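Enquirer: Sequence:
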Amino acid sequence: MSSLIDVDEISHEVELVWLEDVSQLDYVRQSLDRLPTRKGKPPYHRDGRMVGYAILGPKAKASRASGTFRRRVFWLLPHDRDTEPEGLYAKSAPAEAVDPRTLEPRVKGYKTERSEGGPPSRAMQELGIQLPL
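full-length UniProt numbering puts the first residue of the sequence shown at 1, with every later residue one more than the last.
Derived by calculation from the structure, the hints in this document are not laboratory data.
Careful, some of the hints might be misleading.
For lysine to aspartate or glutamate, the following EDC-like pairs were computed, each having C-alpha atoms within a straight-line distance of at most 16 Å [what the hints assert, rightly or not]: (1) 108 with 20; (2) 59 with 8; (3) 59 with 47.
Derived Cβ-Cβ restraints for the label pairs, each shown as a range [unchecked claim]: (4) 88 with 20: 19 to 25 Å; (5) 104 with 37: 20 to 26 Å; (6) 45 with 95: 17 to 23 Å; (7) 64 with 105: 20 to 26 Å.
Computed from a predicted model, the values in this text were never measured in an experiment.
By construction, the Cβ of each residue, glycine as well, lies at the ideal position given by its N, Cα and C atoms.
Given only the sequences and the hints, what does the whole structure look like? Please build it.
Expert: As structure tokens, then:
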């Protein structure tokens, strides 16, 4: 299943900056925020914490109406699985969540068995890989 991000909207990304080690996270939430700059750490106004953000290249154009740039921001809420493993998202993930291992600049990312809380795929079982990784 793909995320809610359209590939055209992220076509000017040149780098993803991670503020945490996302290799231990089953999923991150992603959104396209309207930000005043192409690069640099954006302000964060949600509950929870920002775990990363995208940097845009010089060809990215600001919106004519607002003068802002659409950039991806990656974040987690206090009740997400990394903080509450047996909580609301123990066996699922929010709609805007993707497995951080599937994210790259200009790649929207995907939900995986891991991000959805299992069960592991047949390939994982055959390789002896167990969740959580």
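Enquirer: If a hint holds in the structure, say so; if it does not, say that too.
Expert: These are the hints, each one checked on the structure:
1. 108 with 20: 19 Å, violated
2. 59 with 8: 14 Å, holds
3. 59 with 47: Distance of about 32 Å is beyond 16 Å: violated.
4. 88 with 20: 19 to 25 Å: Because 21 Å falls inside the window, the suggested range holds.
5. 104 with 37: 20 to 26 Å: 21 Å, holds
6. 45 with 95: 17 to 23 Å: 20 Å, holds
7. 64 with 105: 20 to 26 Å: 24 Å, holds
In this structure, the earlier hints numbered 1, 3 are contradicted, and the remaining ones agree with it.
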